[in-house]
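A.B. asks: Residue numbers (the numbering used here), protein chains in the order written: chain B, 107 to 266; chain G, 40 to 265.
Incorrect hints may have been included.
[Said to hold, decoys possible] Across the chosen pairs, the derived CB separations fall in these ranges:
(1) B:ARG113 to G:ARG105: 53 to 61 Å
(2) G:LYS102 to B:PRO135: 27 to 35 Å
(3) G:LYS102 to B:GLN246: 30 to 38 Å
(4) B:ARG116 to G:ARG164: 42 to 50 Å
(5) G:GLU158 to B:PRO163: 53 to 61 Å
(6) G:PRO110 to B:GLN246: 33 to 41 Å
(7) G:GLY104 to B:LYS169: 22 to 30 Å
Simulated from the structure, these hints should not be mistaken for laboratory data.
Quantities reported herein were computed from a predicted structural model and do not represent experimental measurements.
For every residue, glycine included, the Cβ atom is placed at its ideal position computed from N, Cα and C.
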Amino acid sequence: AFSAGSRLLRGRGGHVVIRFALGGCTNRPFFRIVAANSRRARDGKYLEQLGCLDPLPNAHGEKVAGLNLERLRYWLGCGAQLSRPAEKLLGRPGAGAGMGTGGPGLAPALTASYRAGLAGFLPLHPMTVTGAERLRRRRQREQQPEAAPAEGSAEPGTGT
Amino acid sequence: MLPALRRCRPGPVPLPALAAALGPGAFPGLGPGPFPGLCPAWSPRAVPARGRKTRHDPPAKSKAGRVKLPPPVDPEELLVVLERYRQHRLVLSALRAEFRAEVLQRKREERLAAEGSVEELEEHRRLMAWNEEENARQRARREERLRKEEEEQKRRKLEIAEKQARKMEAFLEEKEKEVLQLQEEAKNFITPENLEARIEECLDNPRNYNFAIDKDGRIVKRTVLS
């Protein structure tokens, strides 16, 4: 086991990545937000756990996630990359305003300089915004055909 | 541009104007027009997909005429998304730089704290001062020594020069003397003009060289026989 890991790590390449490691049971996923070498298995040995995410909504309809912002900042300062879902999570508006069961999350310690322009810990991911726009447009388009047949049925009704 | 751009098809995605969605300052140089010259460089491939079959299994007969097209892409939306990505990456890199600075600052403080507390710093400074004094003392002594040596050397050089000068003078004097002597002797030389006269003179004054000389340099004119 030791040699397998070291053969991964002894060659050149590989970088630290902050990503989700899947755990849990069948039909019950659970993610751990983890800083690991990019060449490790998804659920394999990691450098440090920086939080967790429960993708299923709880009794109150909330999806709960916990983040250790201090260590996140440390790893980002050391040059860690982020996976796309991790970026999207960290960019969510709730991430900076004090997450749920975070570690010694220094939300109040964030300096005003990069608090002012951001919604969350990191800026919103472009695809989040684009996805929201597309959804909104699709909903509008669905509403218009409903309105058009309603009008169409109403006009002949009033016309005739 | 993105390689994905080349792979995508300019699809008829009916979308209203998206320039307003980005907000002000979205398109600094270009206008929200149709994307110029988008030629998809793809071709329908008949390779097996993933799933139950491996890559070496042939595709099914039902898929013989299948033409796989890439997903449709709206050029306006694409531009908008690219611009958003650019801004996002800008902000991210700035954030990373700040975090990096923070980490380095913390490391520096840790190093300074680990190097020693106030007493150790004090002692360090004291020892450094003592070392400086020692160095200064050594330097003074060394300079003294060097100065003395320099003076010695100068004196020696002067002496040598004087000796040389004296030697030269003596030599010159010798040479002068020799020259004078030669000049004097030159008066007695036999020159082509004097030749005849000197020959006459020699012939007129025969000298007797019939003598011996012993080891002490005395001339012995009397021989054994006579």
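A.B. asks: Next, verify each hint and record whether it holds.
C.D. replies: Against the structure, the hints come out as follows:
1. B:ARG113 to G:ARG105: 53 to 61 Å: 41 Å, violated
2. G:LYS102 to B:PRO135: 27 to 35 Å: 33 Å, holds
3. G:LYS102 to B:GLN246: 30 to 38 Å: 36 Å, holds
4. B:ARG116 to G:ARG164: 42 to 50 Å: 45 Å, holds
5. G:GLU158 to B:PRO163: 53 to 61 Å: About 58 Å separates the Cβ atoms of GLU158 (chain G) and PRO163 (chain B), which means 53 to 61 Å holds.
6. G:PRO110 to B:GLN246: 33 to 41 Å: Given a distance of about 21 Å, which is not inside 33 to 41 Å, the answer is violated.
7. G:GLY104 to B:LYS169: 22 to 30 Å: Since GLY104 (chain G) and LYS169 (chain B) have Cβ atoms about 44 Å apart, the given range 22 to 30 Å is violated.
Going down the numbered hints, you'll see the structure goes against 1, 6, 7, while the others check out.
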